[in-house]
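Counting from 1 along the sequence shown, just add 116 to a position and that's the residue number in our numbering.
Hints may contain errors.
Computed beta-carbon distance windows for the label pairs [said to hold, decoys possible]:
(1) R282 <-> E166: 12 to 22 angstroms
(2) W290 <-> A209: 12 to 22 angstroms
(3) A155 <-> A248: 29 to 39 angstroms
Treat the hints as calculated values from the structure; they're not laboratory data. Just so it is clear, CB atoms sit at the ideal spot from N, CA and C, and this is done for glycine as well.
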Amino acid sequence: MSRGSVTSGAVEIGSRVFLRPARASDRDAFVGLRRASRAELRRWEPEPPEGFDPFGDDAFGREIGVPIDGSECRWLVCRVSDGVLLGRVTLGAIERGPFQNGRLGYWIGTEHSGRGYMTEAIGLVLRRAFGAMGLHRVCANIMPVNTGSRRVLERNGFVKEGYSERYLQIAGAWEDHERWAITAEAYRAVP
């Protein structure tokens, strides 16, 4: 299989990963990866609405049909060498006008974590956000104990801006979060 056929539909391509919108044919791989990663993902993800299965078809259903570069962008993170699905990145709550801001969310399958894939994927999101999308700022909120996410953000030039007590409900408890962000100017200054 050629690299071009593996990366077909990509919106951004890096050395090891690429971003692309979900397709209906991704359902089994997406649901399988989320289910296999359930124990880890439950530690960090917001409480879903009642009746919504965050590890099944409900979760995949929200990936399909999201307009690219609209007020919310969802991209699958896939490996360049073989097209394997590794995780997903969202750039949501995009506000235009004088703010030009988007909020970052991401997850990676447990079997793929700790290998630098998400660090590269976030770099690709920033390239798109500060390039084709024309945003000025991208922010992310993480639990203070989520050291893996902190490393991903730091490696991409994000800085900690603040702290929000009881910010988001995770696994039935209101959890504190750190607020991280990067501006277009800071992104362009990163070597």
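Taking the hints in turn, this is what the structure says about them:
With their beta carbons about 21 angstroms apart, R282 and E166 fall inside the hinted range of 12 to 22 angstroms. One distance hint, 12 to 22 angstroms for the beta-carbon pair W290 and A209, holds here, with the actual separation near 20 angstroms. Between A155 and A248 the beta carbon distance is about 36 angstroms. The supplied range of 29 to 39 angstroms therefore holds.
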